[in-house]
Amino acid sequence: MKQIFGIPVVGALLLSACVTINVYFPAAEAKEAAREFVEKVIDEADKVEPKQGGNGGMAMLEKRFDFDPWMLLGIGSAQAQGAPDITIKTPAIQAIQARMESRFNGTLRGGFDAGALGFTSDGLISVRDAAKLELKDRVAMNAAVADDNRDRKAVYREVAVANGHPEWESQIREVFAKQWIASARSGWWYQSGGGWKQK
Amino acid sequence: MLLAMLAGPVHARVAQARIAKVTTAVATLEQVRVRLDWPADADRGTLEIWAKRVSAPDMGIAYRDLHWRCPLQRTPRNGWRCEGELRSGRAAPVRLAVDFDAAGTRAELGRGDARIALDRSAATPDLTTLDLTQVPVAWAQVLLSRAWPDARFTSGTFDAQLSVVSAAKRPLRIAGPLTLRDVGIETADASIAGEHLGGRFAIDYRTTRALAMVSVDGDLRGGEFLAGNMYVALPVSPIGLRIDAMQRGKTGWELPRIEWRDGNVLQASGSAAFGPDAGLRRLDIDVNSVDMAPLRQRYLSGWLGLFGLGEIDLHGGMDLRLQVRDGVLAVVDATLHDVDIRDPQQRFVFAGLQGDVRYSAGAPVDSELRWRSGKLYGLGFDAARLPFASGDGLLRFREDARIPLMGGSLTFRDLVIRPPQGEAGADIRFGLVLDELDVGLLSKALGLPAFQGRLSGTIPNARYANERVDFDGGLSMQLFDGRVAVSSLVLERPFGTAPSLSADILLDDLDLLGLTGVLGFGSISGRLDGRIEGLRLVDWTPVAFNARFITDAKPGVKQRISQRAVQNISSVGDASFVTSLQGQLIGLFDDFGYRRIGIACRLANEVCAMSGLQDSDGSQAGNSFTIVQGAGIPRLDVVGFNRLVDWPTLVERLAAVASGEVKPVVE
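Here the protein sequences come in this chain order: E and U.
To convert a position in the first sequence, counted from 1, into this note's numbering, add 3.
To convert a position in the second sequence, counted from 1, into this note's numbering, add 8.
Derived by calculation from the structure, the hints in this document are not laboratory data.
Don't be surprised by glycine CBs; every beta carbon is placed ideally from N, CA and C.
Treat the hints with care, since some could be wrong.
Claimed, not checked - Facing chain U, according to a computed beta carbon distance under 7 Å, are these residues of chain E, among others:
1) A134
2) L138
3) D140
4) R141
5) N152
6) R153
7) A187
What the hints assert, rightly or not - What follows is a set of in silico ranges between Cβ atoms, one per label pair, in the way DEER data are often shown:
8) R188(E) <-> A105(U): 55 to 61 Å
9) R378(U) <-> S129(E): 36 to 42 Å
10) D422(U) <-> Q174(E): 36 to 42 Å
What the hints assert, rightly or not - Sample of chain E residues with no beta-carbon within 10 Å of chain U, all distances over it, derived:
11) F28
12) N108
13) G118
14) T123
15) S129
16) D150
17) G198
18) W199
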């Protein structure tokens with residue numbers, strides 16, 4: 004009997020010893036967050052309202068109404084959600100986003116419209132055809148592309164870290180890479196399978 | 009041959025000839041057809057010439073389907089003249105006039121303002137002079153394509169007075185002054201481009217089958233060009249340029265002499281050699297700049313822009329020697345003369361840089377760079393010397409470099425820099441020793457509350473790669489009679505987008521009275537322990553941490569908390585207090601005894617999840633947690649109610665407390 008019971012007990016112990024906790028990458032939420040981020044950068048007017056509701060939004064402030072006078076000095080409580088979510092609203096990310104948005108409208112959009120720039124398959128941008136630009140604009144465009152790529156890398160890293168999973172950086176980057184291309188306007192170029200394609 | 013035909017027209021009404029190929033020293037004409045129609049009693053005839061192909065490879069001329077039609081007339085001294093339209097394919101016609109007699113040959117080709125005049129005297133048949141005025145550079149496209157197949161002219165005109173010497177068995181030589189106006193040029197991949205280039209040069213071109221030699225000497229006057237990431241905005245003042253180039257057979261071009269003279273700003277001279285693929289194989293160049301201030305705008309904006317340093321200020325002088333061997337940077341010798349480098353975003357300043365930095369891919373060399381003072385993110389540092397040694401492609405310190413900083417010193421040990429190679433960025437490894445930095449000065453420089461203490465520490469191994477610095481080891485601070493230890497330090501994107509710092513911090517036995525005094529938090533006596541794990545600052549602002557602070561009862565240490573501190577804790581911690589007294593009576597007491605104080609905050613996503621003493625026997629139902637556990641009489645507990653607190657609001661509260669804006673309110 005000991006042996007008969009012994010095997011399952013040992014087996015169960017072994018099984019439990021092997022249990023690892025997998026945190027699955029919340030692909031759908033990441034996609035939604037990326038879409039919100041990218042659309043805001045590419046075109047404020049086309050901005051899609053962030054998903055509202057219990058499991059989609061950010062921590063919401065909630066005022067407490069209480070007669071305790073100390074509460075007047077106090078601060079509201081915050082409500083967090085249990086469902087997995089991808090947050091892109093840390094001040095650092097939003098500061099970068101604002102900078103990317105103004106850079107996009109100020110410089111990069113012209114480059115995309117002219118066909119000089121393209122979205123790369125790794126979530127960055129690149130000067131794919133400098134000849135489409137006036138010489139005087141090329142230096143500024145090269146610098147803007149370098150600046151933007153620095154910001155992009157920082158965003159992918161910070162989104163992963165802000166969500167408590169630095170190891171998601173490459174997945175976040177993939178999701179964003181697809182989103183930049185998906186949100187690209189007609190006529191803009193993107194990298195696909197090693198070559199450039201026009202949307 | 010033409011003369012032979014012309015000899016006869018008086019008798020013939022129409023003469024025709026077909027010639028398969030006409031070869032001269034300079035040009036070749038193929039499938040030529042000539043027709044002359046001369047009415048019997050007329051004083052002029054009509055000459056028509058067709059040629060399937062005309063080429064003069066040395067002069068870069070190649071045309072197809074030429075047709076010239078003109079009225080042929082006699083001129084004095086037994087000469088002839090014919091002027092009419094010359095067409096080539098579908099291109100707009102040009103005017104061609106040919107005039108020859110016993111003294112020589114003159115031809116003039118023109119369209120609009122453009123004019124090419126050719127003159128050859130019968131006395132010197134080997135010498136032809138060409139006078140070109142307002143000629144579009146596009147007409148010289150074929151010539152450019154021959155020397156540089158990828159390049160094409162996009163705009164511009166030129167004037168030139170060239171003498172062409174072509175004699176059998178001697179090299180063809182073309183020489184004379186050349187003036188360029190508003191020239192644009194671009195390569196097929198747009199990696200090299202120029203616009204609005206102007207200049208005056210003397211050119212000298214000699215060629216045989218085996219060897220071609222060009223020398224260009226003169227001044228560039230305005231314009232801009234881009235080569236890779238190097239963007240040059242030429243000043244209005246003329247820049248001296250001399251290039252001697254030669255090509256043997258089909259090998260790559262060699263430039264035995266390159267000179268660039270831009271006054272005080274940049275003087276460069278050297279030589280270079282390119283491979284058959286036009287890639288740079290060898291370069292030797294000496295550069296001197298007495299006044300570096302205009303360098304950024306004229307020569308460096310393209311490169312600096314890539315590193316986000318497009319606005320950097322440079323002052324001082326510099327000598328630089330570069331050697332490239334087999335396409336690889338082999339030697340850099342930079343000597344700086346009182347150079348100031350200033351980042352307008354205030355990230356860094358180096359003042360009074362003096363000395364040299366020498367890099368070698370091969371044989372070892374030593375050098376030493378010094379500075380008078382500097383500033384890094386607001387932290388000023390004093391004069392220091394960096395003793396470099398280099399060899400085999402690495403740059404390192406040959407001894408420790410000590411930099412006086414904040415009343416103490418920062419010492420770099422065993423620094424090794426591997427410069428960027430191909431796709432791989434720079435890789436820097438070093439050890440750091442911090443010795444007795446004055447925390448008071450540090451706090452002041454960083455705008456922190458006036459902490460007092462000394463900061464020391466050893467980081468045996470630090471590594472910078474991929475815009476990230478990892479520090480092994482840790483730092484230790486003597487603060488408030490206790491100890492603060494910092495470990496697992498990582499700095500990401502130190503000079504880039506949203507610099508980020510991660511660390512774990514341990515606090516041990518800090519004197520709370522001193523700490524609360526500095527923070528202006530009211531006063532609490534006792535000792536404090538704590539840990540801040542997973543601290544992450546982005547743009548020097550905390551975005552995540554897991555912090556817990558708890559008092560540490562010690563024999564003989566009083567544990568009292570002032571009324572003001574109670575109120576501040578309550579306001580910051582969104583807490584209320586539970587007391588054995590009526591609320592109104594609290595104001596009668598200056599301070600209270602406490603048994604323990606504990607507060608914890610786990611920050612993520614802008615929300616601080618708060619908690620208090622872990623085994624809070626004073627805890628009430630639901631969300632509440634005890635922060636201060638009272639002792640003695642009157643007994644007072646501080647209890648928090650909201651576990652989830654909005655972080656920005658909390659920071660505002662803390663700032664208000666620190667600045668004393670929260671007034672004690674006693675009901």
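* Find the hints from earlier in the document that the structure breaks and name them by number, from lowest to highest. => Checked against the structure, the hints that fail are numbers 3, 5, 7 and 16, while the rest are satisfied.
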